[in-house]
Amino acid sequence: VQPDTGELISQFVSILCISIMSSLCGIKTYRARYKYLSYTRWLVKALYLLSWAFTSSSMILTSTNNDNQISCFLSIMTCDLFYSGTKLTIYCWLIEKVWAISTAHQTRWNTLSYKIHCLLLTPYIAIFSLMVSYHRSDITETGECIIGFGAIASVPLLVYDFLFNLYMTILFVKKLTKTDKDIVISQKVSRLQEVAQRTLFASVVCLFVSFANIMALIALDGRERGVICLTCCTVDVTINVITIHWV
Numbered sequence: 001v002q003p004d005t006g007e008l009i010s011q012f013v014s015i016l017c018i019s020i021m022s023s024l025c026g027i028k029t030y031r032a033r034y035k036y037l038s039y040t041r042w043l044v045k046a047l048y049l050l051s052w053a054f055t056s057s058s059m060i061l062t063s064t065n066n067d068n069q070i071s072c073f074l075s076i077m078t079c080d081l082f083y084s085g086t087k088l089t090i091y092c093w094l095i096e097k098v099w100a101i102s103t104a105h106q107t108r109w110n111t112l113s114y115k116i117h118c119l120l121l122t123p124y125i126a127i128f129s130l131m132v133s134y135h136r137s138d139i140t141e142t143g144e145c146i147i148g149f150g151a152i153a154s155v156p157l158l159v160y161d162f163l164f165n166l167y168m169t170i171l172f173v174k175k176l177t178k179t180d181k182d183i184v185i186s187q188k189v190s191r192l193q194e195v196a197q198r199t200l201f202a203s204v205v206c207l208f209v210s211f212a213n214i215m216a217l218i219a220l221d222g223r224e225r226g227v228i229c230l231t232c233c234t235v236d237v238t239i240n241v242i243t244i245h246w247v
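The opening residue of the sequence shown carries number 1 in my numbering; numbering runs sequentially from there.
Hints are not guaranteed to be accurate.
Unchecked claim - Keeping only pairs whose Cα atoms sit at most 27 Å apart, straight-line, the calculated BS3-like set for lysine-lysine is: (1) Lys115 - Lys174; (2) Lys35 - Lys45; (3) Lys35 - Lys115; (4) Lys115 - Lys45; (5) Lys28 - Lys45.
Since the hints were made in silico from the structure, they are not lab data. The model shown is predicted, which means the values in this text are computed figures rather than measured ones.
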């Protein structure tokens, strides 16, 4: 069976996204001294790896999941594992940035806000369990692969992702407001302000891209053709990688 237009577009998007991420990863790792890398840079590299694994898997699965229950099942499991992994890595990166621009003079685990933010990650364990338990992977009569999540999993995921990114965005806005007031007193905060501004932009991008992606799935009653779902998620993770690379 020849691939339809949607499958061809999906393959082109996947190849383009893989090329972009491979290039960005090459730029970041060129002459990198891994022994001296900070925790933040390891998070960025983990994001590259998980995003590349997701897009590569998606490209293979979108070309094989029609009339193939195993491939269809692996498509949703790829979302469960790699896509969720990219989201968790971004959450950790945002928490690290909040600590860096606010209380970096204290160690992480001596900072109350850092502990609280790490504690805020724990609900994602329950959401991940719901995603694994209530995923959908069906083959229609026409042979198309349909994947998605039940409302019991997709709605908590949407709410958690939106609230977490919104909370991070508010923290960066507050820090920028405080920095603007202090800038008259000291110009040493200019670098701190630049980091906060860039991270704020990244937080807003993650907020809107993820919200649009998950909201589209909910609007379709948690059932989306595998090709469309994986392509949207591929674009989602690629935009996040580009944004965090810029930061």
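Hints, verified against the model:
1. Annotation: proposed proximity of Lys115 to Lys174 holds, straight-line Cα distance about 19 Å (limit 27 Å).
2. Distance hint between Lys35 and Lys45 is fulfilled; the C-alpha atoms sit about 14 Å from each other, no more than 27 Å.
3. At roughly 26 Å between alpha-carbon atoms, Lys35 and Lys115 fall within 27 Å of each other, so this suggested pair holds.
4. Taken as a hint, the Lys115 and Lys45 pair is honoured in the structure, with Cα atoms around 23 Å apart against an allowance of 27 Å.
5. A threshold of 27 Å between alpha carbons decides the hint, and for Lys28 with Lys45 the separation of about 8 Å falls inside it, so the pair holds.
Checked against the numbered hints given earlier, the structure satisfies every one of them.
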